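Could you build all of it, start to finish, from the sequences and the hints given here?
What follows is the residue order along each chain.
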Amino acid sequence: MATLTYREALRQGLIEEIERDESVFLMGEDIGRYQGTFRVTQGLFEQFRQKRVLDTPISEPGIVGIAIGAAMVGCRPVVEMMTMSFSILAMDQIINHAAKIHYMSGGQFKVPLVIRGPGGAANQLSAQHSHSLEGWYAHVPGLKVVAPSTTEDVYGMIKTAIRDDNPVIFTENPGLYGIKGEIPTDQSFTVPFGKAAVRKEGTDISLIGYSRMAHVCMEVAEELDKDGIDAEVIDVRSLLPLDTETIYNSVKKTNRALVMYEDWRSGGFGAEIVARIQEDCFDYLDAPVGRIGGLNVPMPYARNLELLCIPNKEVGLAKAREVLG
Amino acid sequence: MADGTIPAQYHRRHGANPQEYALSTSSNTGKRAAPDSSDLPESPALLEHFYREMLRIRVFERFSEQAYRAGLAGGYLHVYSGMEATAIGWLSCIEKHDPVITAYRDHGHALYLGCDATACMAEIMGRSGGLSRGKGGSMHLYSAEHNFYGGWGIVGGHTALGVGLAFGTKYQGSDAVTHCFFGDGAANAGVLFEVMNMASLWDLPVIFIIENNEFAMGTRLEYHAAETELHKRAEGFGMEHERIDGMDVLEVRQHARRIIDRVRKTSRPYFLEIMNYRFAGHGAADNDQSLYRTPEELERAKKRDPILLLENHMRKNNVMTDEKMEAIQAEVEEEMEKVYADAAASPKPDPEEVYTDVYTDMLPEKGH
Ligand SMILES: Cc1ncc(C[n+]2csc(CCOP(=O)(O)OP(=O)(O)O)c2C)c(N)n1
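In the order they appear, the protein sequences are chains A and B. For what it's worth, the working numbering labels the leading residue of the first sequence as 1, then goes sequentially. For what it's worth, the working numbering labels the leading residue of the second sequence as 1001, then goes sequentially.
To be clear, the hints were calculated from the coordinates, so they are not data collected in a lab. Be aware that one or more of the hints could be misleading.
As the list claims (entries may be wrong) - For lysine-lysine, the following BS3-like pairs were computed, each having C-alpha atoms within a straight-line distance of at most 25 Å: (1) B:Lys-1324 x B:Lys-1303; (2) B:Lys-1348 x A:Lys-313; (3) A:Lys-319 x B:Lys-1366.
Said to hold, decoys possible - What the simulated footprint calls covered on chain A by chain B, stretch by stretch (three residues with Cβ under 8 Å from a Cβ of chain B suffice, anywhere in the stretch; the number is not a length): (4) 28-39; (5) 296-303; (6) 308-319.
In this text the structure is predicted, and so the values were computed from the model without any measurement. A virtual CB, placed ideally from N, CA and C, is assigned to each residue, including glycine.
Printed below as a string of structure tokens:
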């Protein structure tokens, strides 16, 4: 085991894949000479040079389109979006092109492409730079969508993403880059898609989240523990495919659930999880499934307003108590 | 570099001759372009005005960086230091009813257009006294009163809006000209090419103004543009275009008068590349500039500091004494100290404000 930051673990996964497979290359804005805005790709330009670490102009639709084309002839591009908010520009390429070609061609073409970058609010990045888009992408058949929350997962899942033959949206909450954790030294380690992780076992309520909200769920669980309430925490980590089995098993045991997500509350991915629980575990529920999402407003700049928008331990705790009755 | 040289380690192609990338149009040989006959000498009062306004931006930016360092501002903060002559020279020639739009490096434009400096600083600090009551921040300054349409964070996105402003004013029968500023990095955004075509196709009175400070964040012009004379891109759209120097406020003004007048008369779009240079990092969080430029390069650029150039001009023509310059500097310092203090004293927005202005006529659903 080695202790790394989330950022370093992600970088380590990228390095291993670049070294393992010659068809893997990185492209993105300021990822090379400038070392990446969030320093995920630090040192990689020097290590692998321009062929494998390509600086691009600020042309998101073009970058993603080129990556799709390269993937269709057998390359495995990993595109960094400086922030996922900018992937909105490339959505036509992602949704109309990448997500469709395998189906439209009757399986003839595949798009082994990863689009990764920071998604979600950071610190006062304001309305145009704070989007959580994973729910939008998880709405699209043909894409896979993951949101790792730990160093081990980001390391294991980036490798899975690169080896996957489908377009993968890989979202990293900017608040996670600095967290520390261990990763296995065994390079064959990967984390499969479609498997949720039980972060803490418990019997009284299931707290369900992904990405940074998985950590907030843990904080809520710790608070509940002080009151003698034993919460179970599920880190969804893979939105599409979604591991309903782990979620359902938990809810069937605890009979109560709260789903937390950072995206706008209305129509966010957490709503999908709530609906599934409701559909498939109705007879096991002792209370309506709770959910907590971000406020339904564009992200304000002022720090005091921004903090109101992002779900935190306090709102999670209050809602959990409501669900517990 | 504004003087046309590029440090060896940044040459795009192996063995490239730095002169290959030297600025090639006549106005960029480092010499002042010869004044044309319509160019009357600027009055001492006007020169003093330019001097004060450039200093106001420079000092304002020093305080905005201070606010960031002190934790009074967050997020992304991009200062305009070094580029003052461009916005001031240009905007000194527009009409009051001309719309102006730019990207996130917007403090200078806002200030010169007449936005209250305290309201600008309060916005940067996220306070209720800010231009947008703290909801936009540094990147998103807007002032309807001054026909200032912002203040946009998605690189290149606002260039389409700029063309739309011109479309709208022309549709309404106004003779307004829209001034659409953007960076060299933004010149690679696909949407720009779409709207360049439509602007030309439909004879829209818009001036595309690339502020080419030679960097898109940490990526040099040579690495992001296949043809580094960006103005030439207009060729394919049948638009008039040129590249001018943006460090000398008087020179910018000369060109501005000529071009704005022409666009207003012809209602044809114009594609302009103004060469300037940013003295600060890309944003307040850019703390390793050695990744893309040398200290020597920066020092060389600072020899053409727009404020210095104007000082030299005024000295040479006996327009202003050094004592007077110092007095103006002191006044501006004092003004901005007060701006900083007043902005910091402005209260934080009321929590209920989080829900206002999402819609014009209703509130969004509340709660988590
Ligand atoms: C669509 C989009 N992609 C990437 C970014 C991140 N970004 C912000 S500023 C910038 C550089 C832009 O450079 P330029 O247009 O030359 O303007 P300057 O900062 O030099 O004024 C980048 C890449 C963004 N804001 N929007």
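Going through the hints against the structure:
Among the hinted pairs, B:Lys-1324 with B:Lys-1303 is consistent with the structure: their alpha-carbon atoms are about 22 Å apart, no more than 25 Å. Restraint check: the Cα-Cα separation between B:Lys-1348 and A:Lys-313 comes to about 23 Å, which is no more than 25 Å; the hinted pair holds. For the hint pairing A:Lys-319 with B:Lys-1366, the CA-to-CA distance comes to about 15 Å; that is within 25 Å, so the pair holds. Judged by the Cβ-Cβ criterion of 8 Å, the segment 28-39 of chain A is covered by chain B as claimed, because 6 of its residues qualify and three suffice.
Counting residues of the segment 296-303 of chain A whose CB falls under 8 Å from any CB of chain B gives 7; the rule of at least 3 is met. Coverage of the segment 308-319 of chain A by chain B holds [criterion: at least 3 residues with CB-CB distance below 8 Å; count 5].
Every hint, counting from the list given before, is met by this structure.
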